[in-house]
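Enquirer: Kindly produce the complete structure, drawing on both the sequences and the hints.
Protein chains in written order, with UniProt numbering: chain A, 1 to 329; chain B, 1 to 299; chain C, 1 to 337.
Quick caveat, the hints were computed from the structure, so don't treat them as lab data.
Accuracy of the hints is not assured; some may be wrong.
What the hints assert, rightly or not - Per the computed footprint, the stretches of chain C lying under chain A, defined by three or more beta-carbons under 8 Å from a beta-carbon of chain A, are:
1. 153–163
2. 215–226
3. 240–254
4. 287–297
5. 304–311
This one's a predicted model, so the numbers in the text were calculated from it and none came from an experiment.
Even glycine gets a Cβ: it sits at the ideal position worked out from N, Cα and C.
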Amino acid sequence: MNYVIRKLGFYAIALWAALTLNFIIPRLLPGDPVDILLAKLQQRGGSVTEETRKAYSILLGGDDSQPLIVQYAGYLGNLFKGDLGVSVSYFPAPVTEVIGASMPWTVILVGVSTILAAGIGILLGTFAGWRPGTWLDSLVPATTLLAAVPYFWLALVLVYLLSRGLGLFPAQGGYDVVLDPGFNGPFLLSAIEHAVLPALTIVIAALGGWLLGMRNMMVSTLSEDYVLTARAKGLPERWILRNYAARNAVLPSVAGFAISLGFVVSGSVVTEQVFSYPGIGSRLLAAVTNNDYALMQGVFLYITVAVLAANLLVDLIYGLVDPRTRARG
Amino acid sequence: MSTISPERLEAGATGKPPVLSVRGLSVVYESQNPVTAVKNASFELGRGEILGLAGESGCGKTTLAYAINRLHQPPARISSGQVLFHDSSGQELDLLGLGESQLRDFRWQKLSMVFQGAMNALNPVRSIGAQLDDTLRAHAPGMTRAARRERSAQVLTRVGVDPGRLRSFPHELSGGMRQRVMIAMAMLLEPQVMIMDEPTTALDVVVQRDILREIVRLREELDFAVIFITHDLPLLLEISDRIAVMLRGEIVELDQAATLYRQAAHPYTRKLLASFPSLRGDRGAFVRGGTADDPQEQS
Amino acid sequence: MAPFNDTKTTSGILADTGGDPAPEPAGRATAPKAAWRMLLPSPTPWLVIGLGLILGIALFGLLAPLFVQDPNAISNIGLSSPGAEHLLGTTQTGQDVLAQLAYATRGSLQIGLIVGVLATALSAFFGIYGAYLGGFADESFSLLSNVFLVIPGLPLVIVISGFVPRESRGLWTIAVVLALTSWAASARVLRAQTLSVRNRDYVQASKVSGERAWRVIVVEILPNLLPVLASQFVFAVIAAILGEAGLSFLGLGASSSSTLGTMLYFAQNGFALPLGAWWWFLPPGLMIALFGMGLSLVNFSIDEIINPKLKSVREARKLSRAAARAAGAQPRKAAAR
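Expert: Below, the structure is given as structure tokens:
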């Protein structure tokens with residue numbers, strides 16, 4: 001129980017840190033974001049009133065009439081109300097709406113890809129560590145090559161080979177634009193088709209880390225006393241592999257899953273750019289190009305909260321999986 | 001270099017038929033500087049006998065124990081020798097020649113082990129009950145779940161551990177309890193031989209006494225043979241029938257406990273005996289000054 | 001629970017038994033290695049390939065710019081495939097790709113090195129110094145690195161870069177931003193390692209005898225951390241190059257510099273992919289991947305120093321194979337004594 005409380009506390013602090021970062025960054029950096037934003041807004045045909053200026057100032061800073069702490073309070077208040085401002089690049093849609101439409105795409109893509117990469121990587125790593133010297137072990141240096149490959153470059157190569165070259169998969173977009181979005185057959189099929197290349201990119205690039213980590217842990221675990229005892233007990237090899245070796249060796253991977261999720265999210269932002277995938281990453285990039293500061297902040301917030309939530313979930317699962325944490329507290 | 005006559009090697013010297021025969025076993029470590037860890041070890045273990053295996057750190061006693069059960073790992077390699085198991089059914093098994101699945105069947109059912117320092121010998125992520133259970137499942141596939149549970153509870157009670165502990169994890173038990181669990185686990189299939197490698201070294205003296213008493217009591221009940229490995233020679237003098245002394249990979253002496261105590265043949269054995277300080281009487285040969293003196297000068 | 005102890009330890013109070021001299025080796029014996037040599041990685045094929053890649057690419061980035069054409073020279077043979085005059089073809093505006101590759105490699109290596117050093121310095125400070133101090137300082141440093149670790153890096157970098165106006169995005173700004181967002185993971189590893197070293201007896205001894213803090217750290221603790229520190233530095237450089245490449249590809253990189261990332265940015269914007277100009281976008285990414293691979297392979301060898309079990313697994317395998325071969329070639333010699 002102690003463990004759960006500690007974890008919740010930590011993530012509360014991390015969340016607060018992220019929110020505060022979000023608040024501070026526009027205020028720390030040179031330039032006056034509010035002016036730029038309002039100029040853009042006018043271009044798009046929006047109206048600029050004193051209220052608009054005030055609202056954006058709370059979000060981005062620049063209004064020196066109120067002390068910082070009051071601005072901070074106003075910012076947090078708006079957040080909890082769910083008011084993240086109005087997007088400039090997707091005017092007149094509010095930021096929350098833009099994010100809401102694009103979030104599911106990213107969550108599904110990144111979620112499925114990460115789970116696939118982790119699953120395959122851990123499985124291969126288990127076998128590579130179990131029998132060092134097999135062909136699997138010689139696979140390990142090859143995965144270092146893949147891990148060093150920039151996500152987006154790999155994406156380009158895959159598009160070149162599989163889309164342009166062989167015509168197997170579409171190169172752009174999240175779905176065929178002539179179709180109606182919704183829970184219907186053709187749309188879902190098209191969505192899956194369009195998701196294959198981006199997912200493949202993420203899985204290939206992320207696989208190596210899992211494989212290597214698991215392999216090294218297996219090598220360590222196999223020299224532990226309890227594995228020796230299991231062998232002395234005459235248990236079948238498969239059983240030992242699964243319940244004594246892998247079960248213990250996988251623990252650091254579970255603990256590290258959360259951290260690598262952060263990296264995968266980072267990588268997916270760029271991947272989405274290459275594929276023009278309608279996820280939250282491409283929204284972020286569009287926002288940067290258009291000086292849509294409100295959307296930038298909003299997206300960063302959502303990404304961070306999502307990653308923190310995933311981390312918390314994984315940490316809680318770890319608490320279930322390793323009985324020693326419950327005792328330590 | 002040993003002073004053992006062939007007759008003393010035989011378990012017949014104690015009047016018991018042999019259950020394990022080790023003949024000329026040698027184990028080599030193929031490292032940068034290849035080293036012979038066990039040199040031409042030979043002895044016989046009588047049915048129901050307690051054979052003590054004594055020697056200082058690095059003399060090869062653990063290597064010998066592992067090699068008998070073929071638990072040694074690379075870079076260790078058995079370079080020569082024979083290990084024969086004389087089953088109570090009359091069958092004779094050549095342990096070094098057994099195939100993989102035959103070896104798995106043999107292990108724990110006929111010969112079980114209790115390892116040094118049960119801190120790490122139990123799987124930290126599975127409950128005690130699960131670890132007892134999978135042994136039964138592997139060797140007695142006909143048993144029902146209820147029967148397995150009952151048997152596990154039975155062995156725990158026998159060693160003085162509350163059967164409610166079946167659901168506990170290893171880190172929730174004290175050192176002494178974990179060692180008892182290890183002994184219980186070793187008894188699960190009622191083996192004919194139990195090899196115990198320093199089973200009480202990591203425990204405090206009071207717990208040590210308790211565990212030793214359990215071992216002796218259980219052996220009287222179930223009549224299994226024990227190879228008891230330790231550096232603590234006085235301990236062996238108390239509980240063993242015969243004692244083998246190892247030095248640098250060789251068995252240099254093997255005799256009845258009482259005879260060894262009174263008339264040790266090999267100079268190393270004599271030095272070993274003399275080096276343990278007694279609670280009263282002579283100071284013994286325990287070196288305080290940092291140099292290896294002659295024992296006479298001390299007293 | 002190693003069943004094997006080095007036989008040197010059998011000398012003890014009972015060494016003098018008038019028995020055998022040192023145990024006879026069962027085969028060829030070699031002199032034991034000096035202690036400091038244990039710290040160096042062993043020359044496996046991996047290490048050789050890794051070092052080769054690193055040195056090769058570093059030399060390319062250093063020297064090639066002196067030999068190639070002007071990367072900015074525009075010509076009117078746009079998008080030509082590799083040929084005699086342009087070994088790697090030309091870009092959309094007729095610029096020589098090979099020349100661009102040379103300068104871009106140099107740029108990427110530069111920034112990789114700068115950020116690697118900065119990030120490692122930061123993680124060393126927060127990880128090592130914090131763990132050394134212990135108590136509240138350690139707790140707060142650790143909390144800080146955990147928080148930074150958990151907040152996703154690239155989005156943060158994008159946001160920061162997004163707020164900085166284009167003109168102010170110099171090399172050093174980008175370097176600092178990248179370093180600030182990537183130090184956390186290394187800090188955690190270094191902290192764990194320092195904690196295990198700090199409690200060792202010789203460190204306690206020097207503390208108690210009154211040595212100043214910095215001396216204890218530099219003289220007693222750091223030498224033990226060197227392999228881990230080296231490994232983390234390598235990771236930092238890989239991460240820096242990849243991070244900078246990603247940033248430049250998105251158009252958010254340092255405005256004036258020319259790196260492999262900016263090259264890919266121009267390739268993407270010049271529609272290299274749809275037009276099939278593989279010679280434009282393939283080499284830069286490949287260069288990053290090969291350099292990263294070289295660094296990772298070197299890290300493998302460093303891993304073996306940090307975790308000697310990996311080394312013994314490899315060596316045991318090698319020697320077992322050799323022994324099996326020898327045993328197959330001639331009949332087994334019984335231990336005759």
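Enquirer: Next step is simple, just say for each hint if it's right about the structure.
Expert: Status of the hints after comparison with the structure:
1. 153–163: Coverage by chain A holds here, the residue count being 10 at a Cβ distance below 8 Å.
2. 215–226: As far as the region 215–226 of chain C goes, the hint is violated, because 0 residues have Cβ atoms under 8 Å from chain A.
3. 240–254: holds (count 7)
4. 287–297: holds (count 9)
5. 304–311: n = 3 at 8 Å, threshold three: holds.
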